[in-house]
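Below are the chains, spelled out letter by letter.
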Amino acid sequence: GNTSEDSVKRIAFITDPVGTNPFLTQATEKLEEIYKTGKYPMEYSIMESQDSGAWKDNVRAAVEEGYDLIIGIGWQSDDPMSQIAAQYPDKSQYVCIDVVCQNENIKSYTFKAEEGAFLIGAMAALVSDKLGAPDGPLGGVHVNPGQGSFPWRYGYMEGARTINPNLTMDDFIFNFTKSYTDAALAKELALSQYAQGAKFINAASAVADFGTFEAALEKGFYTSGQDADRTSPDNPYILSTQVKYTGVVTEMIVDEFFETGIKPEAVELGIAEGVIGAIYVTDDGTNPRNTDILTDEIVDALRELADKIKNGEITVKTPLETSYTF
Amino acid sequence: MALDIEFIAHILNSTFRLMTPILLVALGSAVCNRVFIFNIGLEGMMLTGAFFAIVANYYTGSVLISLLAAMGSAMFVSWIAGIFMVKFKGAMLVVGISVNVLMLGATTFLMQLFFGVKGAFVHKDLVSLPKVNVEFLKGTKFFYTLFGSLTYLDYFAVILAIILYFYMFKTVSGFRLRSIGINKEAANSIGVDGDKIQIGAIVFSGLLSGLGGALLSMGAVTMFVQNITSGRGFMAMAAGSLGSAHPIGVVFASTFFGLAQTLSNVLDNQFLSSELMIATPYVATIVALAIFNYSKIKKGGKITNI
Amino acid sequence: MFLKMEHIYKNYGDILANKDVDLDLKKGEILALVGENGAGKSTLMKVLYGLEEATSGKIFLNGEEVYINGPSSAIKLGIGMVQQHFMLFNSFTVTENIVYGREPKGKLFFDMAKARQDVIDLGKKYDLPLDPDAVIEGMPVGLRQRVEILKVLYQNTDIIIFDEPTAVLTPQEVTELLKTMKNLSKMGKSIILITHKLNEVMEVADRTLVMRSGEKVGELMIKDTNIKELSYLMVGRHIVDKQVEKVETGETVFESIDLTLTDNKVSVLDNVNIHVKRGEIVGIAGVSGNGQTELVETIFGLKNCTSGKVIVNGEDVTNTSVMNVRNKGVALVPEDRNVHGSAALGTLTENSIMGFYHKDEFSKNGIIDYKVASQFTDELIEEFKVVAKNNKQTMSSLSGGNSQKLIIAREISQHSSFLIVSEPTRGVDIGAMEFIHNKLFEKRANKDGILLISSELTEILKLSDRVYVMYEGEVKGEFTRETANEEEIGFLMLGGNKDEV
Amino acid sequence: MKFKIKKMNYKQILKYLKPLEQPIVAISFALVIGAIAMLLAKSNPLVVYGYMLKGAFGSKFYLSTTLAKATPIILAGLGASIAWRSNCFGIGGEGQMIVGAFVAAIIAIYLPAPMWIKFVSSIVGGVVAGGGYSLISAYLFDKFQMSLSISTLMMNYAGRFIVLYFIVNFFLDTSSTGGKLQQTYKIPEEIRFPRLNEDYALTIGFFIAVAVVILVWFLMNKTKYGYESKMVGYNLEFCRFGGIKAKKIMYLSLFISGVLSAFAGVSEVYGTYFRYVSGSLVSGRSAWIGLNAALISAYNPIGVLVSSIILAGIQTGGSAISRFTTVPLEISQILQGCITLFISAKIVIKWRRKNTNSKKLNVKGGM
Ligand SMILES: Nc1ncnc2c1ncn2[C@@H]1O[C@H](COP(=O)(O)OP(=O)(O)OP(=O)(O)O)[C@@H](O)[C@H]1O
Ligand SMILES: Nc1ncnc2c1ncn2[C@@H]1O[C@H](COP(=O)(O)OP(=O)(O)OP(=O)(O)O)[C@@H](O)[C@H]1O
Ligand SMILES: [Mg+2]
Ligand SMILES: [Mg+2]
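Read top to bottom, the protein sequences are chains P, U, W and L.
Every letter in the first sequence is one number past the one before it in the working numbering, and letter 261, counting from 1, is 332.
Every letter in the second sequence is one number past the one before it in the working numbering, and letter 86, counting from 1, is 232.
Every letter in the third sequence is one number past the one before it in the working numbering, and letter 121, counting from 1, is 174.
Every letter in the fourth sequence is one number past the one before it in the working numbering, and letter 103, counting from 1, is 107.
Derived from the structure by calculation, the hints contain no laboratory data.
Fair warning: this is a prediction, and the values are worked out from it, not measured in the lab.
One should not assume that every hint holds.
List time: in silico DSS-like cross-link candidates among lysine-lysine, alpha-carbon distance up to 25 Å [as the list claims (entries may be wrong)]:
| # | chain 1 | residue 1 | chain 2 | residue 2 |
| --- | --- | --- | --- | --- |
| 1 | L | 147 | U | 442 |
| 2 | U | 330 | W | 158 |
| 3 | L | 249 | W | 412 |
| 4 | W | 424 | L | 234 |
Start from the sequences and build out the full structure, keeping to the hints where you can.
Next up, the structure:
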């Protein structure tokens, strides 16, 4: 329901259809969790938006319907949020997650996803080396070739190259599902990368990843998940996951909103803030680690890298140009 | 990448795996074409099969029952579609599109209802279609890879095409099936119920789509992901058309698609930009159809792809 | 009494197509069903064959009441129908068409060999020989109909209904068909024949049943009646062939010079030289399929000729567009009214302006004036006595005779100086036929030229001032009203040569 | 021997439905099914439907949102109608929308010219591009007898990815979202479709669409082309004998159809996105909904207008549900599917009312 006394604050959480993307699920679940605790006098509504048209409608409607805090998550949110925030600076407070919005009334939280990818890349190189393929090829099944997956792709490459500097572009194989849901295709892509000799294949195509995981289980190559901890007792080949704790951010936002109110600025979150990381490296997952492959020394090496990133000794660069070469 | 002999084996193997789900559905589409039904709802029917295969799979753990569930559910949906297309004379496209939208929504919705998850349902207890054991080929790596990790249903798809060929061109009911597409009125005038045959064809295409879906959710992978078919149903229609509604032709057409897909997988951003790579199968279809029809027209033949 | 239909009523919405009709049929009898267009003949038979459900009424077979709820049950009861519009699968073979519905089966496969044999035997039995492997597509109409007949016989039916079987046949084919019917009746089959050609009735029928506007108005034994009486019963008035008055011919409106058409190596038209003057009707006699259709199409710009010229009112229109030919003052009543002459789902108005909707009277700068069009249509309906509720109803709801009238009305109303009419009275009743013939004479009277193509020699002889005979794409001879005579023309039609006479 | 008179049972159903106003029946059927789904989702259908209605037409604000959504649907619907009524059963609306929108956006962004020239050439360029794209399928049909439905279906995908290729490699906006969304830059403020009221989504686009409806109605029912194309739809042979150049009509119809569909895309660029956003036109599904609108209203422009607004309402109502309740978004998909499915049955009933008689209804089932 949407009728409520003024004391109760109303939060609109606008997103692409939840479900296909674990980092959306995390955020929405956290929101519900906060609500359940009754910590704050709040109501919330998850507004799933099929297409960018629906996005605009929902943001506009959220203002019309008098929501006090409007959170948009995903790249999609940029245009509609910026436009509305510019038009109604005072009608509500605005936050974008995962994208820096063009409008200054909006607080933006973005992620240094590349840092997580960096760790996985290093892990890939180490594991591959351990399995007798120091020079790769290293695989990756991502969503699309565009800027969208640069952080994961280039972070991954950077990480691998810190371990083995003489890796070249040709030592990496990347394929793209162009869909968050085509698990069958993802699996097929993984299989063909495996056939080309990849011992480690980095999965970064939302729920389609399950296809890659299944291929790993079948063929016995190693892989890693994305966003939410994908390791599983049923599948020892999923060595780790490049996590992106959107739940944490959601909590930050809600807290800030109720304590101080939203202060528009652009915040970048990474390993240092405990929002980005890799399972077993920056935090221990819920499932037992595959210690035969992901041995302690490998983990230690990775932890070292993680610390270097924390204290700024290493900064992972992900250029925006399509022409990323070394 | 290294184009060694074994990798070629992999390409062929992968082609086959990618081809079969399309083939099954394409055969359904072909049957529909034969009775002058343009069934764009195949995508939705395939999705239905893929989903209920997993539902049954989860609750019974029996491959057989899962397959039956896949076929049954898809047949039910296609029966509804058939009634609307034939009896109520609803525009085939509207019915088909509606079915697609409806089933995309319904499967996603039911997935939450049954499994309490959105997006993807994966579970260790899900059984996958039995794979044909090729251990005896372990000696010759080429064949081992070539025939590796294929389910019985993959092979059955091809066999089915052959069976369907005999059905269409050698049996009486196949004969009547073809007659409807040529002149339904004439069939009715001699007391052969054209409507029944058309609906029958649609339901049969549902059965095949169901199998195709199951092959996707229990063969290619063992899970259900919302919209897992992602356009394969439409591809299948194109294949049915490219194969000019002839079972054997459809096999070639589907293989062609499978190969196009595989190549676009392995060649991805090696030669062509990957966006163009995805576009190729569709452009290729048009070109292939054009060439195919052109040669046929030259021979003064009839074009059967409706 | 073998078959008995009692108190049959059938209405389509407000139209009462059959009103309390009784019909009975003896074994081995040929019963002719005659009446004007829209009299209710087809409907009555559709009821008998189960294509339509009677609103009320009973049907008895061998004294026992039967319920016929579809062709299949009719066939089970031994009733078969050769429909007016052939119901064949064009890309199937003769065999496949004939055995359709009762195909011989092996264990699981279609037993084609047996089917083939059955067809051959059947052909022998009723001596209707046919090549069992021929594909229907491209078969002459006569043979197609033969397929239809064998199809019915294959279902071993005892009652065979023919709905206007001769409408589309050449004279030769007609004689054969009539012979066949006699045969069948001898072999104990009962036949119901719908036709508009009373001479056929007189020739084959034992008994005739006359219908008018849905009702049975008479039932006569053929031996004690004659054409005059029948036509009177049908139309309700006497049909009199009035004298053809002479008309002075003017200058040439149409002329073809060495018109030649070869369709992949086959010569379809071979140096055709014909002309039509103002005020004359020129007939083209010939067994259909000897190039008449192609001749019309090349003249009218539907086909391009390989060589030669088409001159209309002194202008060369060879291989130009239909539109251009029409604009030069040519009009055409095509042979097949349902396919080429009208749009079944279009309204009468839409059908009436086809071919010249672009003329100033109907459209100015791209906009069609439907008020004018609809008035115009009403005038046509009025002048040509087309039976229709209004000009908004669809063409398909007109009786065949009436749609034919409207088509002819449309083409005549253009006041074009040159009119081509192809089979103008096919499938229309004698009343309408007389009417149409008079209209053609009127047009001739106001000094327009008419080219008449007809497979009805009698029609040719009745209307034409001059006659060309066509055989295999060649003009075999030319006659004037005076010199024309059936024997000679018939002889040439079949490929004889003039000097041999 | 006896034969029971049984068949007709579905005819009886139709007879039974005949007097009722079909769309209402259709919608209520659909609503029932939707209700079942909702009960399964443990929420009160009446409440949900209440919200849905409110979110679709409940206030000026919502209505304007719905009308804005309807705009591309109407245009795409008109496009489909033009083609289908002359027997060109193409389903290429989506592809034409995409191409049109893309070209229009690119011209509007990059053409170095004064604003009004930008505007005009962008719109014209866009729609002509769409028309041209449609002509390809016309050519394939003409020269290779390639089924329009198949060629256009393929061209929907081809167009989408080829355009994507150009965007990613030449026209990508890297400033916003760091180029993560595959989209062009925005078109200049000055030339976007103005809003009637800054608080509402509605732009003049909708009124242009309505104007186009009238235009198309006129085109279909008053002009020579309208007559010719209609007759071509009825009987090609008849037209040949009447001197109508059927081929010309087919090309023309498909071109116009492409132009209209493309304009649907252009209107989205100018009224909603202000840029070409890859995938948005696909996930928006306007082309397909438009096609439905065209078919269920038997190609009648006015009918297209009305049914488009209803179908758009289901969409906006659907989003409203997801805002007001916890019912998952899919419910609105289910509803949409059901409603169009049931409405499709109307066609036959309407025909049965119009002319019970005409011999070839089964052919007219459409594709
Ligand atoms: N399906 C139908 N719907 C509406 N009216 C019909 C239908 N079929 C026939 N009619 C009408 O019923 C009447 C009788 O039609 P019927 O077919 O029996 O005429 P007919 O005697 O066969 O004419 P013709 O000599 O031209 O064949 C006509 O007025 C016709 O318009
Ligand atoms: N669906 C219909 N609606 C209205 N009248 C019809 C319909 N079907 C048939 N009729 C009428 O019934 C008559 C008989 O139909 P039939 O099939 O015998 O054609 P016809 O009248 O003989 O004309 P033709 O000889 O050109 O076929 C037709 O003339 C037509 O007027
Ligand atoms: Mg008749
Ligand atoms: Mg008749």
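Holds or violated: residue 424 of chain W with residue 234 of chain L, Cα cutoff 25 Å?
holds, 18 Å
Taken at face value, is the distance from the CA of residue 412 of chain W to the CA of residue 249 of chain L at most 25 Å?
This hinted pair holds, its Cα atoms lying about 16 Å apart.
Quickly compare the C-alpha distance for residue 147 of chain L and residue 442 of chain U to 25 Å and report which way the hint goes.
holds, 12 Å
If you draw a straight line from the CA of residue 330 of chain U to the CA of residue 158 of chain W, is it 25 Å or shorter?
Holds. Residue 330 of chain U to residue 158 of chain W sits at ~22 Å (cutoff 25 Å).
Every hint from the earlier list agrees with this structure, and none is contradicted.
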